[in-house]
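Position 87 of the sequence shown, counting from 1, maps to 718 under my numbering, and the rest follow consecutively.
Quick caveat, the hints were computed from the structure, so don't treat them as lab data. There could be a bad hint or two in this list.
Stated by the list, open to error - Result set (EDC-like, lysine to aspartate or glutamate): computed pairs, CA atoms no more than 20 Å apart in a straight line:
| hint | residue 1 | residue 2 |
| --- | --- | --- |
| 1 | Lys917 | Glu874 |
| 2 | Lys686 | Asp676 |
| 3 | Lys717 | Glu776 |
| 4 | Lys826 | Glu815 |
| 5 | Lys717 | Glu729 |
| 6 | Lys781 | Glu753 |
| 7 | Lys717 | Asp648 |
| 8 | Lys917 | Asp900 |
| 9 | Lys927 | Asp840 |
| 10 | Lys686 | Glu722 |
| 11 | Lys717 | Asp732 |
| 12 | Lys686 | Asp648 |
| 13 | Lys781 | Glu722 |
| 14 | Lys888 | Asp928 |
| 15 | Lys917 | Asp890 |
| 16 | Lys826 | Glu782 |
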Amino acid sequence: DIEGTKVQWPDGTIQTDSLEIVQRIQDEYPQNTPDLYPDISMAVDTVNCNILRFKSVFPHNTRPDARIPFQLLPQTATRTPFDPHKVTLEEIDEVLEEYDDGPFFCGDMITAADIAWAPYLERYAVQLPMLYSDALPELEPRSREYPAIKEWFDAMEDLIPCWACRVMGDPNVYAGLLKEAVEEEGVEYVDRVPKTVANALHRNSYPGDILWNRYASGKPYLAASPAEECAAQLVRNRQTLLETASSGTTTQIHLSKDDVDVALREICDSLINVEDDDQAAGLSPKAHDLVTRLTKDLTAPKDMGMLPLRSLRLLSPSAVDQITQPLNPSDITQKSTPPPSPTDSLFFS
Numbered sequence: 632d633i634e635g636t637k638v639q640w641p642d643g644t645i646q647t648d649s650l651e652i653v654q655r656i657q658d659e660y661p662q663n664t665p666d667l668y669p670d671i672s673m674a675v676d677t678v679n680c681n682i683l684r685f686k687s688v689f690p691h692n693t694r695p696d697a698r699i700p701f702q703l704l705p706q707t708a709t710r711t712p713f714d715p716h717k718v719t720l721e722e723i724d725e726v727l728e729e730y731d732d733g734p735f736f737c738g739d740m741i742t743a744a745d746i747a748w749a750p751y752l753e754r755y756a757v758q759l760p761m762l763y764s765d766a767l768p769e770l771e772p773r774s775r776e777y778p779a780i781k782e783w784f785d786a787m788e789d790l791i792p793c794w795a796c797r798v799m800g801d802p803n804v805y806a807g808l809l810k811e812a813v814e815e816e817g818v819e820y821v822d823r824v825p826k827t828v829a830n831a832l833h834r835n836s837y838p839g840d841i842l843w844n845r846y847a848s849g850k851p852y853l854a855a856s857p858a859e860e861c862a863a864q865l866v867r868n869r870q871t872l873l874e875t876a877s878s879g880t881t882t883q884i885h886l887s888k889d890d891v892d893v894a895l896r897e898i899c900d901s902l903i904n905v906e907d908d909d910q911a912a913g914l915s916p917k918a919h920d921l922v923t924r925l926t927k928d929l930t931a932p933k934d935m936g937m938l939p940l941r942s943l944r945l946l947s948p949s950a951v952d953q954i955t956q957p958l959n960p961s962d963i964t965q966k967s968t969p970p971p972s973p974t975d976s977l978f979f980s
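Given only the sequences and the hints, what does the whole structure look like? Please build it.
Structure follows, in structure tokens:
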């Protein structure tokens, strides 16, 4: 979150440092799995060592912009040169290869090291190919150029239920942050989320339902499937949606509150009952229009997790088109309308 993380504990203590929060979670709930700070080596604090390596690996002498870290030079409207990013990706790949018993930073289990690196790797995976379209695949983190990085992303999305179901960042938001930052400077970029990222949760082999079943187990407040959870979130926030969607200007079609109410019911019915892949079939024009608005306004993880949000986006033909179309360098642009910031939430303040 660009505004920063903030947690208030039951004793009234407020923490804003992400890694201090992770450490306290481990201290408060040591019985829970996984152990985020396992004793991997008798001689070395492996987890904290891998966290500390972060500062030495990423490019130096860059602009401190949390929207697109390490990607612009200070005090100039210029992107960081190609070579520092390539060296960074090569070094991250080597760090991940040091423990050959698993795909994570410290081996076969996710630890605090993965949590520390994840927000930056997520941004890199989306933003580098958009900003350096003339340097692919060398600056595409999820390409075969960097097999250990690719394996790490796949493991986070395929093996860690809470990641895809609730924690994973929204590629559309990272793309929007890049657009916002570089358009201020007049820097060119490709206006499309990389295919390697957009396709990640949509491949035929993706175990989305299995992950959701594992994540939802023992949580009676969650729905039985990602699509049903999306529908549940829409119902819970119906009043907010009636106000915001009927006054929105995302599309040319005017929707009254009654229109939004009917369209929401139609969308929820489709999310709950449609079993085939063509979930968008049969939706009315007004329901399609509302889906388009919602897919632009709702983001993960603020409004809902990526898997429930993915179910909604699959109802939008334009979202499906974006998933299936390759990254095209001819789409270079300097002007576009960015999606909402991750600090903006349609549901939550």
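Checklist entry - So which hints don't hold here, by number, going up? => result Hints 4, 7, 9 and 11 not satisfied by this model.
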